[in-house]
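Asker: Residues per chain, in single letters:
Number of protein chains: 4
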Amino acid sequence: SGKEAAKPSGRVFAPYAIFKGKAALSVEPVLPTFTEIDSGNLRLDRRGSLMMTFMPASGERKYDWEKKQKFALSPTEVGSLISMGSKDSSEFFHDPSMKSSNAGQVRKSLSIKPHADGSGYFISLGVINSILKTNDRIVVPVTTAEFTVMKTAFSFVLPHLMGWDRLTDQDGTGTQRTTS
Amino acid sequence: SGKEAAKPSGRVFAPYAIFKGKAALSVEPVLPTFTEIDSGNLRLDRRGSLMMTFMPASGERKYDWEKKQKFALSPTEVGSLISMGSKDSSEFFHDPSMKSSNAGQVRKSLSIKPHADGSGYFISLGVINSILKTNDRIVVPVTTAEFTVMKTAFSFVLPHLMGWDRLTDQDGTGTQRTTS
Amino acid sequence: SGKEAAKPSGRVFAPYAIFKGKAALSVEPVLPTFTEIDSGNLRLDRRGSLMMTFMPASGERKYDWEKKQKFALSPTEVGSLISMGSKDSSEFFHDPSMKSSNAGQVRKSLSIKPHADGSGYFISLGVINSILKTNDRIVVPVTTAEFTVMKTAFSFVLPHLMGWDRLTDQDGTGTQRTTS
Amino acid sequence: SGKEAAKPSGRVFAPYAIFKGKAALSVEPVLPTFTEIDSGNLRLDRRGSLMMTFMPASGERKYDWEKKQKFALSPTEVGSLISMGSKDSSEFFHDPSMKSSNAGQVRKSLSIKPHADGSGYFISLGVINSILKTNDRIVVPVTTAEFTVMKTAFSFVLPHLMGWDRLTDQDGTGTQRTTS
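Protein chains in written order, with my numbering: chain A, 2 to 181; chain B, 2 to 181; chain C, 2 to 181; chain D, 2 to 181.
Since the hints were made in silico from the structure, they are not lab data.
There may be inaccurate statements among the hints.
Quick partial rundown of chain A residues pointing at chain B, CB under 7 Å, derived from the structure [unchecked claim]:
no.	residue
1	14
2	15
3	145
4	146
Here are a few chain A residues that sit away from chain B, every Cβ distance over 12 Å (derived from the structure) [claimed, not checked]:
no.	residue
5	64
6	77
7	84
8	92
9	123
10	125
Even for Gly, the Cβ is constructed at its ideal location relative to N, Cα and C.
Assemble the whole structure, with the sequences as input and the hints as a guide.
Answerer: In structure tokens, the structure reads:
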């Protein structure tokens, strides 16, 4: 039944999507992963991220899923974004093959630049592929209201990306001690 | 018993209401809806909203429920509201019949304007009905303290309207992977 | 066992207390109450509050519990407090017997005034009892750090005082609809 | 199985770590402890803290765990940190043997100082041991983005350190009353 579909063990897909004339931006949290270290105890294995997916428009209210480009914001990059004032810029650089033999072949840069009148930002993802000799850029204009939704939701979700929501769920009754 | 009444499956009605001399404003979250896409997994179907209900006064401490007017703030409109400074204004326009054959018959506008002395805002809902030839406006003055309650509660509830509270309830142990 | 003591049905006492030379201030949330309106559904009956308890000192690191005075901040008063800048003042007035035949016999005022150098606030509770001909005032100086703890914890707890944490726990799968 | 490892009774280790050239800083919440006062009811026994662990570098991307130094931020010190503006400084002093016969032998000071250009802070821990005649200091430069992650996560976790997340989990149906 519908009710049982809401079991916490199921996955829930709820991207925050912004559709504009030339492109769309969809954002969704990716939760951290944990490793069991002994009976019932977990250690954070990999921090979560905020996955940003850009799609160019292919017509009126149509977007080309095949040409999508992704960029996963780390918790520290999320911290950078949520501390931005209305006149601040940010730029982040990722290499999807970092530390492998393919390092440097693909370079991604996510740029957030304020509108001149302070009414929002341009968020753009550039992808340079030196093997395919391609250089793509997808730009999505975002209003202050939309950016505030992102900042508020990102602030909410940041402790979850770090695994700190789980720290506070544990049973702390009478067993923990602080040392100074 | 009273205890069993608190089951999470039940609905809870807890509007935040502001009663003033000429009108009252009541605000309540409307949760998003989800669709089951496969066994146990859900997809956000429709985003939630903040339903604002305005009622004109019909006497001392009496309000005319029959003449109530409603306006559902979308998550992006909520983002606009919570980013307002003490001297900022906002205005939102809705057409309840948008994209239907009745589009344009009824036009609603929610306006938030600061008091000249920075001590709060006027929140007003205008409803123009071109069929009934009516033009109603209900205005509720809101203090800075009341607006702060709204901003704080709206910030809390915004991730829930987006369905992001459910993303973080899921079991992420060892199954999710980030790709960059 | 200790673990079972952590059952959610139990009450948890965790006041935030500030002990100073001449008096102490202890703050604790009081949750809202609900009424069952039909099978499994609840309606907010009475909003919660933040109970502030003031105690004068009776010696070094000793406080006189017998002479304590209480003041329950409403959600709107909490909104007023958390919107205060470092140079703002607030004052709230309560009559514990409001709307009864004893109205006016006891008048309480909670005052929050900034230090001249912006390093914190004086929080004081005045109680005038016209029957007993008493006029008491208890003042507690609070640092910016302590006030920030209060603002942060009050912001966290405010949606709970309003009952909005429960709205978002309910099962919204496929049953709710937004009307605009 | 992996799923059962996620039981809320297990502990979760998820430090937020910042690795820099000369030292690393790792931060992790320590939850409060509670005492059972009668059947099912709990009283906060000891407030939680944010444990900051500093480690000097011992080579490229290597840190000397043996030389680590710890400092536990109290809730009020957390309040001080999260209220810091980009040009503010903070300094906290701890004596791990306070109120014992060894008081004064070891003095720890945690200092947070802004970069001249507002691009972040230096967080440093000094430990003076008058018995061992040692005077150590470990300094970690922290960017604005990293500091924002800390502020956001600390704001999230602060009510948990105070035990206020548990207050709001209790069943408040029809039993609590506010007195003013």
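Asker: Each hint: holds or not?
Answerer: Hints, one by one, checked against the model:
Against a cut-off of 7 Å between C-beta atoms, the interface hint on residue 14 of chain A holds, since the closest Cβ of chain B lies about 5 Å away. Annotation: interface hint on residue 15 of chain A holds; nearest CB of chain B at approximately 3 Å, less than 7 Å. Satisfaction of the interface hint for residue 145 of chain A is found here, the shortest Cβ-Cβ separation to chain B being roughly 6 Å, below the 7 Å cut-off. With a least beta-carbon distance of about 4 Å to chain B, the hint placing residue 146 of chain A at the interface is held under the 7 Å criterion.
The claim that residue 64 of chain A is not at the interface with chain B holds, since no C-beta of that chain comes within 12 Å of its own (minimum 17 Å). Consistency note on residue 77 of chain A: stated as away from chain B, and its beta-carbon is indeed over 12 Å from all of that chain's, at 14 Å minimum. Under the 12 Å C-beta cut-off, the non-interface status given to residue 84 of chain A relative to chain B holds; the minimum distance is some 15 Å. In this structure residue 92 of chain A is separated from chain B by more than 12 Å, as the shortest Cβ-Cβ distance comes to about 16 Å.
Every beta carbon of chain B lies more than 12 Å from that of residue 123 of chain A, the smallest distance being close to 17 Å; the non-interface claim holds. Residue placement check: residue 125 of chain A keeps its beta carbon more than 12 Å from all beta carbons of chain B (closest about 17 Å).
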